[in-house]
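J.: Chains as they are written, first to last, in UniProt numbering: chain V, 1 to 306; chain H, 1 to 521.
Calculated directly from the structure, the hints in this document are not laboratory data.
The structure displayed is predicted, hence computed values, not measured ones.
Watch out, some of these pointers could steer you wrong.
Unchecked claim - Okay, the calculated beta carbon distance ranges per label pair: (1) V/T174 with H/R75: 38 to 44 Å; (2) V/G299 with H/T230: 19 to 25 Å; (3) H/R75 with V/G104: 50 to 56 Å; (4) V/T4 with H/D316: 55 to 61 Å.
Beta carbons: idealized from backbone N, C-alpha and C, even for Gly.
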Amino acid sequence: MEITINILLTIATAATPLLVAAIGELVVERSGVLNLGVEGMMIMGAVGGFGVGYLTGSPWLGLVAAIVVGAVFSLLFAVMTLSLATNQVATGLSLTLLGLGLSGMIGTGFVGLPGVRLPDLHIPLLIDLPIVGKLVFGQDPVFYISILLIFAVAWFLFRTRTGLTLRSIGDSHTSAHALGIQVIRYRYLAVIFGGACAGLAGGQLSLVYTPQWVENMSAGRGWIALALVVFASWRPWRVLAGAYIFGAVWIGQLHAQAFGIPVPSQLLSSLPYLATVVVLVLISRNKRLTMMNTPASLGQPFVPDR
Amino acid sequence: MSEELATGNLLEVRGLTKIFGSLTACDHIDLTIARGEIHALLGENGAGKSTLVKMLFGSLEPHSGEILWQGQPVRIQNPGVAKKLGIGMVFQHFSLFEALTAAENIALSLDDGSPINQIAAKARALSYSYGLPLDPDSLVGDLSVGERQRIEIIRCLLQLPQLIILDEPTSVLTPQEADKLFETLERLRAEGKSILYISHRLEEVKRICDRATVLRHGKVVGHCNPREETASSLARMMVGSEVKAVVRAPVEGIEKAAPLLEIRSLTRKPATPFSIPLKNIGLTVRAGEVIGIAGVAGNGQGEFFEAVSGEVQQQDAASVRIRGKDAGRLDITGRRLLGAAFVPEERLGHGAAPRMKLSENLLLSRHATDGKAFVGTGGMVKANAVYSAAQRIIEVMDVRKSAPDPEAAALSGGNLQKFIVGRELDRRPAVMVVNQPTWGVDAGAAAHIRQALIELARSGSAVLVISQDLDELFEISDAIAVMHNGELSKPLPIAEATFEKIGLLMGGAEPCHAEHAAEVV
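Work out the full structure: start from the sequences and follow the hints.
T.: Structure follows, in structure tokens:
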């Protein structure tokens with residue numbers, strides 16, 4: 001029993017960064033912008049979070065720094081793609097490359113240093129519940145934030161007028177512009193929100209998951225987050241389900257290797273990506289559903305004619 | 001303009017100018033709109049009508065000139081400002097969101113922040129009171145073009161505008177739907193609202209408009225009371241010269257002529273969730289005749305054209321027969337080799353490659369059919385032959401251009417269309433299928449293209465024309481069939497066809513299905 005709970009706990013910790021980064025990217029993509037720089041923003045958040053946490057000794061300040069670094073880094077992408085209308089795919093890819101390189105350079109001095117870890121937040125009384133208690137009410141702060149984020153984003157997108165406006169921009173930026181909606185302003189805010197989320201996810205890695213700095217420690221999680229958004233067909237609750245499935249596969253893969261199950265580790269590591277491919281094939285069969293949820297103007301640069 | 005009218009003006013525009021690069025789209029335009037009038041803005045495609053109204057609605061920024069609203073100078077920087085002033089707009093190219101419901105679409109343009117279900121209730125009530133019934137919960141992607149326009153109109157009315165701008169609203173409606181729209185407009189005028197009505201359909205302007213301002217090449221060339229003008233005098237003002245009428249001699253004994261294009265039980269599943277399935281279409285076009293296909297946009301005409309041209313091939317080889325041979329499984333080139341020619345609706349991307357020269361575009365579509373003329377030994381292109389053929393077409397069709405052999409994208413829409421139609425006519429095809437032959441083409445050039453199609457038919461070819469322009473179809477067709485919701489009616493001989501009959505079929509009133517047509521054939 002204890003072992004099961006521990007495994008479930010590690011799954012939650014592994015799923016949280018995927019969830020946080022994916023929910024941010026979901027908002028970005030719902031506004032019609034494709035930011036492939038999630039991996040880069042995440043690793044920048046990780047190094048920024050670790051650095052500030054280590055230098056000040058406060059993991060909380062580290063977490064705030066991770067969010068700010070992610071948001072600022074995404075601003076670079078926003079200026080390039082929204083104000084200068086560059087190609088979003090190319091710009092996003094270069095943001096990832098830049099982030100990976102830059103974080104390695106900034107982090108040279110941090111390698112091997114002991115980090116600070118965010119303390120778990122135990123919710124009194126509720127934590128004493130059998131099984132669920134420890135799983136749901138004895139987690140780290142980022143876990144709670146991630147769950148709140150899902151609620152907030154789902155409510156925002158489908159229950160508020162601003163959320164409706166954001167979705168409309170993703171459906172057709174020319175129509176939105178014709179109605180007088182400030183397309184570029186909304187997209188800036190969406191991209192920055194996505195950057196802040198990716199930064200937070202990175203902070204979780206270097207302040208909770210493994211409280212230290214290792215170069216490339218995001219290890220492709222940004223790409224999985226991107227895949228998750230498509231996997232979830234741009235619906236927040238499906239991101240939650242997807243993140244936990246992917247988290248379970250990730251952890252399962254580690255345990256399988258630890259138990260010496262004779263399956264090549266490379267195959268196991270590729271499982272999340274294979275799962276994405278399979279799911280993509282499955283969901284694309286329901287064309288109507290895909291059309292309704294896919295932001296139609298995704299990835300297209302928008303230049304208003306004046 | 002008399003003095004007392006000027007004081008009661010709702011909107012006044014003075015010297016409004018807009019320049020795109022080297023083109024002056026609007027050149028010192030003056031316009032006044034009084035309260036409670038329907039004011040027509042007339043002009044050919046490219047005359048500057050849309051540019052002008054986009055400046056009035058804040059989508060474009062004028063270079064110079066001023067706009068006075070109720071006597072006060074205003075700057076309309078964006079559509080939000082226009083809406084606050086009381087200007088509403090119904091767009092020519094719909095500005096709706098397909099993946100959202102009608103109510104959500106309406107909510108997006110209202111700034112009051114009231115909950116969606118309240119807006120839906122308001123929209124439903126308003127739509128019924130104007131006789132334009134609307135289901136607020138339906139998904140826009142599922143709606144017909146006419147229904148989409150209703151959403152636009154209701155959305156505009158809910159903003160309680162003083163001035164409503166309608167940009168070519170009837171180009172997508174059946175005659176009956178247009179009548180309904182005119183009733184609505186007259187009711188709005190009676191309520192004291194002003195309407196700026198943009199159109200190039202002269203009969204409807206004569207019918208509902210109180211005053212008209214005519215634009216040509218970005219300049220105001222005249223004001224008039226359309227009720228005192230004739231359609232031809234209005235056309236003269238718009239075009240600047242007489243437009244030659246199209247001549248169509250009647251044909252005799254067509255039923256004995258050889259069938260050159262036969263379509264039998266053509267059925268197609270929808271390719272995307274929002275496209276139309278084709279249901280058991282049957283049609284025969286014989287040597288010497290022009291058959292027109294009418295229909296409101298989005299009723300399967302595009303899907304039908306793709307299937308006939310071979311852009312999408314059919315499972316059943318006998319579903320399309322060209323000159324007596326099964327062609328259903330052939331690609332476009334295969335069908336061309338049988339003697340057919342096709343002119344698609346979209347000029348750039350389908351009809352021509354935008355970044356390639358006209359001569360290269362000619363080679364692209366005819367390298368197979370005219371291999372002997374254009375391609376020499378070892379597959380080398382005979383550039384000179386291609387070039388001179390392109391020049392011949394340019395001359396015959398009177399294509400106006402800035403360079404001897406410009407890129408396709410450098411031509412205006414109308415001139416490119418002349419070249420594309422000319423390119424196919426030049427081959428003297430036995431079967432010619434054209435989708436929207438004169439969309440966006442000025443009146444003079446349109447008459448030229450129409451006459452050329454009739455002459456091609458009379459010289460022994462079969463011509464099939466798909467068009468949304470009923471006037472055009474009545475001008476050139478020997479029989480008209482109507483496409484509605486993926487089904488094709490039996491062709492009505494032109495002598496029996498009236499606007500009313502065709503209009504009813506376009507609205508889907510009388511199911512006169514293709515199965516019956518097949519029996520007759």
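J.: All the hints need checking, so say for each whether the structure fits it.
T.: Hint by hint, here is what the structure shows:
1. Against the hinted window of 38 to 44 Å, the Cβ-Cβ separation of V/T174 and H/R75 comes to about 23 Å, which falls outside the hint.
2. Between V/G299 and H/T230 the CB atoms are about 52 Å apart, so this pair departs from the stated range of 19 to 25 Å.
3. Taken as a hint, the range 50 to 56 Å holds for the pair H/R75 and V/G104, whose Cβ atoms sit roughly 51 Å apart.
4. Between V/T4 and H/D316, the C-beta spacing of about 59 Å keeps the proposed range 55 to 61 Å intact.
Hint compliance for this structure: hints 1 and 2 are not met, and every other hint is.
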